[in-house]
Amino acid sequence: MSRLGKRISVLLLAFGLAGCAATPRNPQDPLEGFNRAMLTFNDKVDQVALKPAAEVYQSMLPSFVQSGVGNFFGNIADIPTLANQILQGKINESLSDFMRIAVNTTLGLGGLLDIASEANLPKHSEDFGQTLGRWGMAPGPYIVLPIFGPSTIRDTAALPVDLKADPWSHVYSTRTRNIGSVVRAIDQRSVALDASNLVEEAALDRYEFVRDAYLQRRESRVYDGEAPPKKRWRWPRAAEEGGGIHGGAVPVPEPSSEPVVETAQNASSASPAQHAHAPAAPPDDAPKISMSSDGALK
Amino acid sequence: MKLFKQLFALIVALGAAAFSAPAMAQEAPDALVKRISQEVIDAAKTDKEIQAGNTKRVLELVESKVLPHVNFQRMTSLAAGRFWRDATPEQQKQLTTEFRSLLVYTYSGAISQIKDQKLEFKPMRGDLAVDTEVEVRSQVLQPRGEPIQLNYRLEKTPSGWKIYDVNVLGAWLVETYKGNFAAEISKGGVDGLIKALSDKNKRLAASAAKTVKKASTSAL
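Note that the protein sequences, when read in sequence, are chains A and B. Going by our numbering, the first sequence opens with residue 28, and the numbers climb by one from there. Going by our numbering, the second sequence opens with residue 119, and the numbers climb by one from there.
Hints were generated in silico from the structure; no laboratory data involved. Mixed in with the good hints, there may be bad ones.
[To be verified] Now the stretches of chain A that chain B is said to cover, found in silico as 3 or more residues with beta-carbon under 8 Å: (1) 145-156; (2) 175-188; (3) 212-225.
In this text, a Cβ means the ideal position worked out from N, Cα and C, and glycines have one as well.
Build the full structure now, drawing on both the sequences and the hints.
Take a look at the structure:
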């Protein structure tokens, strides 16, 4: 390993160990100490390197150049998205994404223009973690990865597949590949600049806010905004101990959340998060579903 | 593409049906959400002060157009979870006020970033004659990136349908704040939470005041 690599590993280890020294408060987030440390580390890297670069990128480059960059890499990302749509058995979306790639690559000048979105072929984003989720795997504990950011155990396991499936990683010239990856990262960061400022304002405790929002959003993406199915493969743990990020901590049914459960049966558009705050849910629909992030390590 | 055309026709029909029912004492929830969303977006795009970043104007807009249709007490009680029952009525009232301020500041921050996004509503599921709680689903279409999912949960009250939860990009507001609230309450009780919220609101108010100054000088 190179000297720089060694130094970075030591730094990560130090952060990780420092984080692990704290006892986890939340039984649903068993890696909380490590995760908090990682989030701090990622924030430092972001603050020092990525965010300033993204701000310069956003202010200096004309917007059509930024759009071009975004569209180009977006088109490349549509390829693994298409593969995952097929793996998930979503025929309509597969056809739509295939058309997207075809239209954007040819009429869109190699992906620089996103004509497909204007032709009512909406942009999707699927990865192997979502595919695993769709196949029935529960997300598992929350984990914050260095550089990559918030994730879950399931999605971390799927990460190598995603990295291998990224078409840009197969570009022959190392220099082009690296420059492209950096530009892609800066472009993605610049798109999220406003949103990250908003999270700063909205959150009381940034770590918890990011975690809870991320986990909900992740499950929503797995099911594309619909309700999850009843049966799911779960990480081995005592399934009765709470469901959802806060479900386990609420022993007494809350009177105001009862009607929410009824609605979950009536309006079939219930989001996965709804199950998490209704401990008095009927047996087959139990808090067992969705975001139990506890326990595989217990 | 055909599917989208059908969807669009359905939305238009739904909207037309909602408006052509004068006998209905209350506005239908999806028509309500559509109306206030459109009003807010139109105001945000046309008002020069808002475009310049004047947060106070955005706050006024939100107060007049949106707040009357939101049930903050229910939102706060859901976010506080089991601690709500343990709080005194005075604490409940303070907590609701502070949480409301935080949400208004955050929402206004989002509004001031509206540039050329469009709203698209999905057909509403459920039976309006029977349901007392519904979910209205919409998407914000933006020139770059995926559409942003934006859903609302509304409940039927004697004074009309009221919003009590919002979902942005798949995350429900109440669910996301539950963790924050529980952590603060375990540290310093309900009073600790109220104090944390009011400190945050003071900071947000201070930065809002700064944007007023900046916007009025830049609009000159």
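Those earlier numbered hints the structure runs against, lowest number first: 2
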